[in-house]
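*Asks:* Dock chain B against chain A, hints included.
Residue numbers (the numbering used here), protein chains in the order written: chain A, 1 to 374; chain B, 1 to 374.
Hints in this document: simulated from the structure, not taken from any laboratory.
Treat the hints with care, as some may be off.
Facing chain A, from chain B, some residues (calculated, C-beta under 8 angstroms) [said to hold, decoys possible]:
1. Lys43
2. Cys45
3. Tyr334
One side of the interface only, derived from the structure: several residues of chain B facing chain A at Cβ under 10 angstroms [as the list claims (entries may be wrong)]:
4. Thr38
5. Arg85
6. Arg172
Glycine included, each C-beta is placed from N, C-alpha and C at the ideal position.
Protein chains: 2
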Amino acid sequence: MTRPLRFTLEGTSGAARAGRLELPRATVLTPTFMAVGTRGAVKACTTDQVAATGTRILLGNTFHLALRPGPDLVKAAGGLPAFNRWPHAMLTDSGGYQVFSLSELRRITEQGVVFKSPYDGATIDLTPERSIEVQNALGADIIMAFDECAPFPCTKDEAASAVARTTRWARRSLDAHARPGEQALFGIVQGGVHLDLRQESAAALLELDLPGYAVGGLSVGEGPEAMDATLAGTCPLLPADRPRYLMGVGKPEDIVRSVLRGIDMFDCVLPTRNARNAEVFVWPRGVLRLKHAAHAEDHGPIDPTCDCLACANGVSRAYLRHLHKVGEIAALTYGSIHNLRYYQRLVVALREQVLAGTVDAWAREWLASGAPAA
Amino acid sequence: MTRPLRFTLEGTSGAARAGRLELPRATVLTPTFMAVGTRGAVKACTTDQVAATGTRILLGNTFHLALRPGPDLVKAAGGLPAFNRWPHAMLTDSGGYQVFSLSELRRITEQGVVFKSPYDGATIDLTPERSIEVQNALGADIIMAFDECAPFPCTKDEAASAVARTTRWARRSLDAHARPGEQALFGIVQGGVHLDLRQESAAALLELDLPGYAVGGLSVGEGPEAMDATLAGTCPLLPADRPRYLMGVGKPEDIVRSVLRGIDMFDCVLPTRNARNAEVFVWPRGVLRLKHAAHAEDHGPIDPTCDCLACANGVSRAYLRHLHKVGEIAALTYGSIHNLRYYQRLVVALREQVLAGTVDAWAREWLASGAPAA
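With the rest of the complex left out, here is chain A (with noise of 0.2 angstroms):
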C-alpha cells in the first residue's frame, strides 16, 4: 500500500526539528503553522490569499462541516480541497474537540458522543466510526483519530478515564478508516498535565504505528509552565520519524517554546481572530492594538519588516484603523493575512534556527523581548 505521508528529518538543535512533510497535495517545510478554516474557509480571506501568506496546510473542522454543509456535499463536489479551492495540503480534525467544548446536552458512551446540533438542534451521534467516514470523505490529506478530550481542570481518574477511551477510539478510528493509502491518520495523546497519563496514553498508540502523532488537551487552561513541562515529558514518548501535532496551539510564544521540546505542526485560530479584534503582530515579537489613538496618525505600515499584501502594499496603521472605526471588512482581511504571514514568518525562523542549531539561543533571546501576545 501506498503511504499518504513520508516525514524527514533535515536538522535538530536540541530536542528542535526542522522537518519535510510530504503528503498528496504538498511539500510541506516543519514546524509549519496550519490556517483554520472552520467551515470550510479561513475567515475574512479568500484562498488565494491564505495560500500567499506561505500557509501550505489548512484545516477544516469535522464538526462543523458535518453539519453544514455535510459530508456528501463535499464529497460530490471532490473533497474538501476541491470544494473550497484549496492548492495546497489540508487536515481535518476529528470533532471531538468541538463536541466536547461547544456542544449542549451531550452524552459521552463508550459508543461515541450524542449532542445537539447547534445549527437546527437535531440530535446526532459522532463516533469513532463516524468522524472517519466524515473525514474520508472530505478528503484531507491528514486525518484525526476521534478522542475524548477531557475538560480542565479534571481530576486524575477523569483524565485516566479518558486517556484509556481515547486509546481504545484510536483503534476504532484505525478500523474504520477507509482511505489509508490516500489519508494519513494521526493518532492523538492524551492525559492532561499528568506524565504518567501521557506515557500510557502514547505507548497505546505507538502500537497502532500512525503515521503521525498529535498531542491534545493542551492550551486548554493549564498555562504555559505546565504546558511546556508537559510537552517536554511527552515529545521524547513519540518516534522521531514522525510528525508531530500539537493542536490548537497558539500564542507565538506558546509555538517559539513548543518547538524547542520538539513539536513540528501547530494550528490555532488566534492569527485570524486576533486580526479581527484589531490586534496586529509586529516582529519579532509584540502586538499592536490598532484601534488605539497612537496609531491614528501613523502612515507606517503594521510592520515595516513585514512582506504581506498590506504591509508590501504600503496599507498603513492609520488606514487600518480608519477602516476598522467604520467597520469596513477590508479591516479583517488585511489584518488576518498580516497575522497569518506573522505566524508563518515566526516558523520559518524557527526552522532555519534549528538547522543552523542555534535555534536555543534565538528563543532564548525571542523569549526575552517584547510584550507577550496577550
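*Replies:* Chain B in isolation, oriented as in the chain A frame:
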C-alpha cells in the same frame, strides 16, 4: 495651466460613445464603471482585488470621509489614493447627495447645508467651498461640484429652485477649487425629469467650461422610462468632447440604455451590495440568488464564461451558498469580485460594440434577453 483630464472620442455609434479618458493616475477606456469605496474601501474587498476586476476608477464619498477619518488625515497620508493604496484613478463626489439623502436635521440655506453627523451628532456645515476644500485634500483625479439634489417626487418649482442653486453653487465650487491643474472639476446637471430645467441647468454649467459634466438626480425613483427620456433629452445638451457621468447608476440594464444615450461613466453600489445579499450576476444578463436551494448541489462556477478570481478558480455555486449559509465573510468577497468583474465585462462589451458600430442591435438583443436584474 496643465489640464488634469484629456478626453478623446475614439468612436460613436448613434449617440453611444467610446472614448479614452486620460487622468493623472490612469488612462481609462470608456464607457467605464467606477467601483464605490464609500468609506475608503470597497466593501469586503482589498484594493488589489478591485483592481484585478479591471476597475480603473474608484469612487470615494466626501460626506463619509470628511467625517471619518477627516480630510486632514487623508491629506497627510498623501491623499486618498495613497491612503487606501489604490493604484489607478479616483473620483470623489461632493457630499451633496448624502447630505440630502442620509442626514437628519439638515437645514438648507443659500450658504450651504447644516446637518448633524451620523457618527457623533456634531453639527457640521457643508458649503460648496468646504466640499471643494475637502475634495482638494482628498486629492482624487476627478472631483464634483457641490449640488442640490432635489427629492423625487418634488414640484417643478422645487426642481427649478434646486437647478438655480446648483448653478450658483457650481460657480462657487469652481472659484474655490485650489488644484485645477491636478484635479478635474465636473459640474452636475440637475432638473429632475423636466427637460426645460435640464436645458437651463446644462446651459448655465457649460458657461463654466468644465472638463466634464455629470447628470445628477436620476435613479431616485423616477423609473427606467423617465430616466431614459431624460437622458435622451439631456445628453445632446452636453459638449461632445467632454466625458459624461451618470451618477449613482445603476442596474445593468440602466447602464446599457444609458450608453445608448451617450453616457461615458457610471458608479453604483449595486454590484457589491447585491453580492452581500448573495445575489450574483451571470452573463450576458441575469441574477443568481445563491441562497436558493437550487444551487445547493451545483458544483459549477457562478458563470462559466467569467474570468473573475472566483469563477476562474472554480469557486462553485454550492460552495458560495454554503459560505453564505454559515455567515463566512469570504462569500461576500467572492461575490463582490465577481459582480464588479461582471460590470467591467458589460462596459467593455458596450465599448467594443460602439467601436464596431453595432451597439444598437447588440443592446436591443441584450435588453430583450434574460430576466431583469431585480
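*Asks:* Which of the numbered hints are not met once you compare them with the structure shown?
*Replies:* Those not satisfied come down to hint 6.
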